[in-house]
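> Residue numbers for the sequence shown follow my numbering, so the first one is 207 and each next one is one higher.
Hint data in this document are derived by calculation from the structure and do not stem from the laboratory.
Here the structure is a predicted model, which means the values were calculated and not measured.
Misleading hints may appear alongside valid ones.
As the list claims (entries may be wrong) - Restraint-style ranges between C-beta atoms, simulated for each label pair:
# : residue 1 : residue 2 : range
1 : Ile219    : Val246    : 22 to 32 Å
2 : Trp274    : Gly250    : 22 to 32 Å
3 : Pro247    : Arg278    : 15 to 25 Å
4 : Ala216    : Cys245    : 29 to 39 Å
We treat Cβ as the ideally placed atom computed from N, Cα and C, and that holds for glycine.
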Amino acid sequence: MRALASIGLASVIALAAATPAQARDNCGRGFHRNHWGHCVPNRGHHTQVTFVVGRYYPGHGYWYGNRWYHHRYRHHHTWRYR
Numbered sequence: 207m208r209a210l211a212s213i214g215l216a217s218v219i220a221l222a223a224a225t226p227a228q229a230r231d232n233c234g235r236g237f238h239r240n241h242w243g244h245c246v247p248n249r250g251h252h253t254q255v256t257f258v259v260g261r262y263y264p265g266h267g268y269w270y271g272n273r274w275y276h277h278r279y280r281h282h283h284t285w286r287y288r
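Produce the complete structure using the sequences and hints provided.
So, in structure tokens, the structure goes:
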């Protein structure tokens with residue numbers, strides 16, 4: 207009988223310890239605490255945007271070398287950007 211009670215008590219303690227971090231942080235549903243203690247919204251999976259070199263993107267220009275360029279021209283069978 208004591209073994210059954212101790213197993214029941216252990217399962218209750220395990221369930222109490224397994225509560226989500228949102229409830230522990232007191233930020234509410236959909237929020238969590240950041241490194242500075244502020245409540246910030248949870249975000250979904252981050253998708254990385256990949257830009258194609260040499261393609262023109264309206265409103266930005268040409269993407270090349272981790273920079274945006276507004277003009278490009280041919281020079282010795284290749285493209286140069288300025």
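> Each hint should be assessed against the structure and marked as holding or not.
Each hint tested on the structure:
Checked against the given bound of 22 to 32 Å, the beta carbons of isoleucine 219 and valine 246, roughly 30 Å apart, stay inside it. For tryptophan 274 and glycine 250, the Cβ-Cβ distance of about 27 Å falls inside the hinted range of 22 to 32 Å, so the restraint holds. Hint check: proline 247 to arginine 278, Cβ distance near 40 Å, so the stated range 15 to 25 Å is violated. For alanine 216 and cysteine 245, the hinted distance range of 29 to 39 Å is satisfied, since their beta carbons lie about 33 Å from each other.
Going down the numbered hints, you'll see the structure goes against just number 3.
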